[in-house]
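Enquirer: Residue 88 in the working numbering sits at position 88 of the sequence shown; the count goes up by one each step and never skips.
Some clues are possibly wrong.
Said to hold, decoys possible - Lysine to aspartate or glutamate pairs mimicking EDC-like chemistry, simulated, CA-CA at most 20 Å apart:
| # | residue 1 | residue 2 |
| --- | --- | --- |
| 1 | Lys-82 | Glu-229 |
| 2 | Lys-146 | Glu-128 |
| 3 | Lys-146 | Asp-173 |
| 4 | Lys-225 | Glu-201 |
| 5 | Lys-142 | Asp-175 |
| 6 | Lys-50 | Glu-73 |
| 7 | Lys-220 | Asp-175 |
| 8 | Lys-181 | Glu-53 |
Worth flagging that the hints you see were computed from the coordinates, not collected in a lab.
Owing to the predicted nature of the structure, the values given are computational and were not obtained by experimental measurement.
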Amino acid sequence: RQARTEVLERAIRAITETGDVIPAVDRLVFFTLPLGYECATPKLGVVTRKPVEICGSELRPEAMAQGAVMAIEILLRRMTGKPHPLQGLTVAIEGLGNAGKNVANLMVLGGATIVAVSDSRGAVTRPEGFTRQELAAVIAHKNAGKRFDTLLASPLVRRLSQGQSSLLTYHPDPDTLKQAKADVLVLTAIPGSVRSDNAPELRVKVVCELTGAAVSVEAKGILKKRGIEVIPDNLGSSGGLLVSLSEMLQNS
C-alpha cells in the first residue's frame with residue numbers, strides 16, 4: 001500500500017509542478033488511474049520464481065536440474081543404446097548450490113553414483129562413490145551455509161566415519177574435481193570453468209553446462225577432438241527456462 005501511495009504522489013507532483021494552476025480532477029484521474037491499476041494489479045506473467053500460492057510452479061526449485069538430467073539421459077541413450085543410461089553412471093558435480101544439489105539427488109534416484117563434488121573452498125572426492133548417507137551429509141552441510149573446507153570436521157561426517165578411516169577425501173583446490181574419473185561432469189558454478197589449459201585433463205565422456213559459458217570456445221574444440229560430448233548451457237539449463245515460460249503463460 002505504501003509503494004502504491006508513493007507512486008501516486010509522485011505522479012501528482014509531476015503534474016502539479018509543471019505550473020501554478022492546479023489541474024482539474026478529471027485531468028488528475030486521467031494521468032493517475034493507469035498508475036493506480038498498475039500498482040493494484042501487478043502483472044504476474046512477467047515474474048518468475050513465485051511461490052505456488054500466487055501462481056508459481058511446483059517444479060520451479062528443481063526445474064533447471066530436471067532439464068539437465070533429461071538432456072544427459074537423452075544424449076546417453078543415443079550414445080549407448082541403453083534404455084536406462086543413468087543406472088551405473090558416475091557423475092562429478094562442480095558447484096553444490098540449488099542446481100548442483102538437485103542434480104545430485106536426481107542422478108542418484110536414477111541409479112547413478114556421485115564420485116566428486118566441489119565448491120569455492122575445495123573438492124570432495126570418493127572414487128567408489130558417495131553412499132546415500134554421505135551424500136545426504138554433504139548436502140546438509142551445504143544447506144547449513146558451510147563450505148567444504150569444514151566438511152570432514154562436521155558432526156554428521158564424523159559420525160558416519162566412526163570406527164573407520166574416512167573414505168571422503170578433501171582437496172583444497174576446487175579444480176581437483178576436474179581430474180576425477182567419471183562418466184559425466186556437470187558444471188553449475190562459474191563461466192569459463194573448463195578452459196584450454198585444463199580441458200586436456202578431463203577424464204569424462206560428457207560435460208553438461210548448467211551455467212552460462214562454463215566451457216570456453218577453445219576448450220570445446222579440444223574436447224571435440226578428444227571425443228568428449230558437451231551439452232551447451234542453452235540446452236542444459238532449458239528446464240529452468242521452460243518453467244519460467246510456463247509461469248509467464250499461465251499468468252498472462
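Enquirer: Each hint needs a verdict: does it hold in this structure or not?
Expert: Each hint, compared with the structure:
1. Lys-82 / Glu-229: holds, 17 Å
2. Lys-146 / Glu-128: Measuring from Cα to Cα gives roughly 24 Å; hence the hint is violated.
3. Lys-146 / Asp-173: Cα-Cα ~17 Å, so holds.
4. Lys-225 / Glu-201: holds, 13 Å
5. Lys-142 / Asp-175: Satisfied, since the Cα-Cα distance of roughly 19 Å is no more than 20 Å.
6. Lys-50 / Glu-73: violated, 29 Å
7. Lys-220 / Asp-175: holds, 18 Å
8. Lys-181 / Glu-53: violated, 43 Å
Violation of the numbered hints given earlier is confined to hints 2, 6, 8; the remaining hints are satisfied by the structure.
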